[in-house]
Amino acid sequence: YQQGYAQQPGQHAGPQAVHQGAPGAAQQPQGKPTLFKLAQKYVEDVALPGVYKLPEIMEFKWVLALFMGAFIFFVTSLSAVPLMRILKASIEKESQRRALTIARTLAKVNRAPLSQGMESAINVDIASREPGVEQALIIDAVDGNIKAPASRAGQIPDLPFIHEARREGKEVVTQIDDGTIGALVPIEFYNPETGSQAVTAYAAVIYNMGSLAVDDSRTLSLFIQTFFIALIVGSILFFFLYKSIEFPLRSLNLQLDRALRENRDDLKTTYLFPPLQTLVSNINSALSRMGGDEMGGGRAIEYDRSSELSNLVQLVGFGCMGITAHDNTIQAVNPEFEARTGMHSQDLVFQTVDKINDQALRLSIVDLIERCTNTPYQIATNNLEISGESYEIAAQAVHGLESISYFLITLLPGQSGGDLL
65 YQQGYAQQPG QHAGPQAVHQ GAPGAAQQPQ GKPTLFKLAQ KYVEDVALPG
115 VYKLPEIMEF KWVLALFMGA FIFFVTSLSA VPLMRILKAS IEKESQRRAL
165 TIARTLAKVN RAPLSQGMES AINVDIASRE PGVEQALIID AVDGNIKAPA
215 SRAGQIPDLP FIHEARREGK EVVTQIDDGT IGALVPIEFY NPETGSQAVT
265 AYAAVIYNMG SLAVDDSRTL SLFIQTFFIA LIVGSILFFF LYKSIEFPLR
315 SLNLQLDRAL RENRDDLKTT YLFPPLQTLV SNINSALSRM GGDEMGGGRA
365 IEYDRSSELS NLVQLVGFGC MGITAHDNTI QAVNPEFEAR TGMHSQDLVF
415 QTVDKINDQA LRLSIVDLIE RCTNTPYQIA TNNLEISGES YEIAAQAVHG
465 LESISYFLIT LLPGQSGGDL L
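Under my numbering, the sequence shown has 382 at position 318, and the numbering climbs by one with no breaks.
Derived by calculation from the structure, the hints in this document are not laboratory data.
In silico DSBU-like cross-links for lysine-lysine, where the CA-CA straight-line distance does not exceed 30 Å:
id	residue 1	residue 2
1	Lys-307	Lys-125
2	Lys-307	Lys-419
3	Lys-332	Lys-307
4	Lys-157	Lys-234
5	Lys-332	Lys-419
6	Lys-117	Lys-101
7	Lys-234	Lys-172
8	Lys-157	Lys-172
9	Lys-307	Lys-117
10	Lys-117	Lys-105
11	Lys-332	Lys-125
12	Lys-152	Lys-234
13	Lys-105	Lys-125
Here are the in silico distance ranges between beta carbons for each label pair:
id	residue 1	residue 2	range
14	Leu-427	Glu-372	25 to 31 Å
15	Ala-424	Ile-121	54 to 60 Å
16	His-408	Thr-439	30 to 36 Å
17	Leu-313	Gln-378	30 to 36 Å
18	Gln-423	Leu-301	35 to 41 Å
19	Leu-301	Ser-454	48 to 54 Å
20	Gln-378	Arg-328	27 to 33 Å
21	Ile-309	Gln-423	32 to 38 Å
22	Glu-372	Asp-109	32 to 38 Å
23	Ile-121	Asp-242	41 to 47 Å
24	Gln-460	Arg-328	23 to 29 Å
25	Leu-427	Val-110	49 to 55 Å
Since this is a predicted model, take the numbers as computed values, not measurements. Think of the CB as a built atom: it goes at the ideal place given N, C-alpha and C, for glycine as much as any other residue.
Using the sequences and the hints, build the whole thing.
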């Protein structure tokens, strides 16, 4: 039975070997480096060495604070530009609406005196008294002379805006400069000479936005407010970021101190960060070697067998999983195992067996590990149905120098399912 299954991977390995040995298969044509690769190489060779030098100059937490402060400053500076534009546009729009309303009121008040020919009754005081109004004028539609106020009657206004707006013959409101708005409203009534409605004068208002205008002091005030809000939020984020970096290192330091005192090699980390997990694995291997040297007088050295475990898992033609014996951590999973179980390697690798979501599979593997631990020289098997297909789960313990180093868990197809690929 075991020989029959042992021959199956070899039957599928033949075509793969031929494919790998085909001419040109090992050497792929290499084109010119892409812009992304050039940029990545520049960052790694030029920019990052300088960044890595910073923790050598100052304490690491101040390096994080420096990056966080630079981020806050640049984001605040860049966000202030669109905010000021939106604020300025909103203030200008509201001020233009205000100036046009005053001009309409001025035109309405003076329509009756103009229609009756009572130029002495024309008055601009109703507009001049409004806050922000610099000039309020009644302009003759024919020659462009000022009709009111009386102190400037007969003069030609030195305002290009008025002369340009008169040509349009309709209501006009425009932004003259950053702080000044001009509004012009035609005054029309029935002209008995022409027998139709005619524009005989214009009500003009020059409105100064004054304190509402967006000046340098208002811009600086908005920047400072935004900056301090971002600084408070950034400080909170910096605290959590620093603690999230400090915690695993502090935890490993405490575990390492305990392991050295108690001659143990069971360092663990719950962080899903592969470089840190690899570091923990290497530290455990180093501790195991140190323990072996002390007990065996330096003759027996237990080397790190994680690479051996991963290679064996990939060589197996069936779905296979490698589990370390000292902490029941999944170290490797091959693609066939992922395809058969529907689980992804990133959800399994560096996790303990009890973190497997499939309860039936988890309990079966735990049982196999226990049986292999008790009888390490025998293959332990269980039957299990996965996704409607029947499989035989086989487990084999692999020894190190003094004890079991790891377990190989293999999914063998049953008689009623799990057809070979």
